[in-house]
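Q: Residue-level listing of the chains:
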Amino acid sequence: MERKTIVDAEEGKQDLVIIREFDLPLELLFKAYEEPEIIEQWMGTKVQKLENKKHGSYQFVTTDPQGNKHGFNGVIHEFSSNQKITRTFEMENTPFSVQLEFLEFEKLTDDTSRLRMQIVYRSVAHRDQMLKMPFRQGINMAHNRLQEIVSKLK
Amino acid sequence: MKSRRDVFQAIADPTRRAILTLLAIQALTPGAVADNFNSSRQTISKHIQILTECELVSQEQNGREIYYHLNAKKMKEIADFIEPFRKMWDDRFNKLETIMKKYRPKK
Chain S
1 MERKTIVDAE EGKQDLVIIR EFDLPLELLF KAYEEPEIIE QWMGTKVQKL
51 ENKKHGSYQF VTTDPQGNKH GFNGVIHEFS SNQKITRTFE MENTPFSVQL
101 EFLEFEKLTD DTSRLRMQIV YRSVAHRDQM LKMPFRQGIN MAHNRLQEIV
151 SKLK
Chain V
1001 MKSRRDVFQA IADPTRRAIL TLLAIQALTP GAVADNFNSS RQTISKHIQI
1051 LTECELVSQE QNGREIYYHL NAKKMKEIAD FIEPFRKMWD DRFNKLETIM
1101 KKYRPKK
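Residue numbers (our numbering), protein chains in the order written: chain S, 1 to 154; chain V, 1001 to 1107.
Hints may contain errors.
Result set (DMTMM-like, lysine to aspartate or glutamate): computed pairs, CA atoms no more than 20 Å apart in a straight line [as the list claims (entries may be wrong)]: (1) V:1102 x S:40; (2) S:31 x V:1097; (3) V:1101 x S:90; (4) S:13 x V:1083; (5) V:1095 x S:21; (6) V:1101 x S:21; (7) S:46 x S:35; (8) V:1101 x V:1090; (9) V:1076 x V:1055; (10) V:1074 x V:1053; (11) S:4 x S:23; (12) V:1076 x V:1013; (13) S:84 x S:21; (14) S:31 x S:78; (15) V:1076 x S:37; (16) S:132 x V:1060; (17) V:1102 x S:35; (18) V:1101 x S:37; (19) V:1101 x S:27; (20) V:1074 x V:1060; (21) V:1102 x S:21; (22) S:84 x V:1097; (23) S:46 x S:90; (24) V:1087 x S:8; (25) V:1102 x S:37; (26) S:132 x V:1013; (27) S:53 x S:90.
Residues of chain S clear of chain V, computed beta-carbon distances all greater than 10 Å [unchecked claim]: (28) 32; (29) 66; (30) 77; (31) 94; (32) 104; (33) 131.
Since the hints were derived computationally from the structure, they do not count as laboratory data.
This one's a predicted model, so the numbers in the text were calculated from it and none came from an experiment.
Ideal Cβ placement from N, Cα and C applies to all residues, glycine included.
The whole structure should be built from the sequences, with the hints applied where relevant.
A: Printed below as a string of structure tokens:
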């Protein structure tokens, strides 16, 4: 399987960029962010509220395998079909602070498209903490510098 | 009881990262490593000890001298720390792609 998702998290910065190219026309990619039923399928969440407009807001609830419910919510600042979504994202009842997301949708060809998602965190520490989320153990380090070192070894 | 060193804490320190960078270029004796820093040899030696405990650095006897080497395999493991986060998004987007490929407008 081809690796299509790129995560760019520069050392010492409080944002990161996720880029992904899709074998989908731009309109279909955008629809996956627009239609509640589709969001529910790929995000594995329940959409309780989704107002796709400026000053709109959204609310999702996800149930984990243990049956615990986790709420997510945010406010939509900008919603331009097939182009752009700017919104906040917050995990309820967690120490994680609210984050700001800039989603840009771009047509590559008639059948392919690209999503560029920039996420801005409250601080460098908050970003690194979020990056560590999928791990058992925490880290606080220089990813890019280490990559440099490792690439020198090859 | 001696607790196991946290490898990520070990590399959070700028001096230790600098030592790793030096060793990435070539194996060095403790003295040669210390020559690159203003800190005392004892301080540098302490840093190297921490890196050794984390298996980031290994030592080899060469005649009368001890040489420190970088453990490339361990370094690679750490450099890939972002991978689970990337994988999480990749899985999510793969799912999105699969769903949308099957998508047919309702009307």
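Q: Quick check: which numbered hints come out false for this structure?
A: 3, 15, 16, 28, 33
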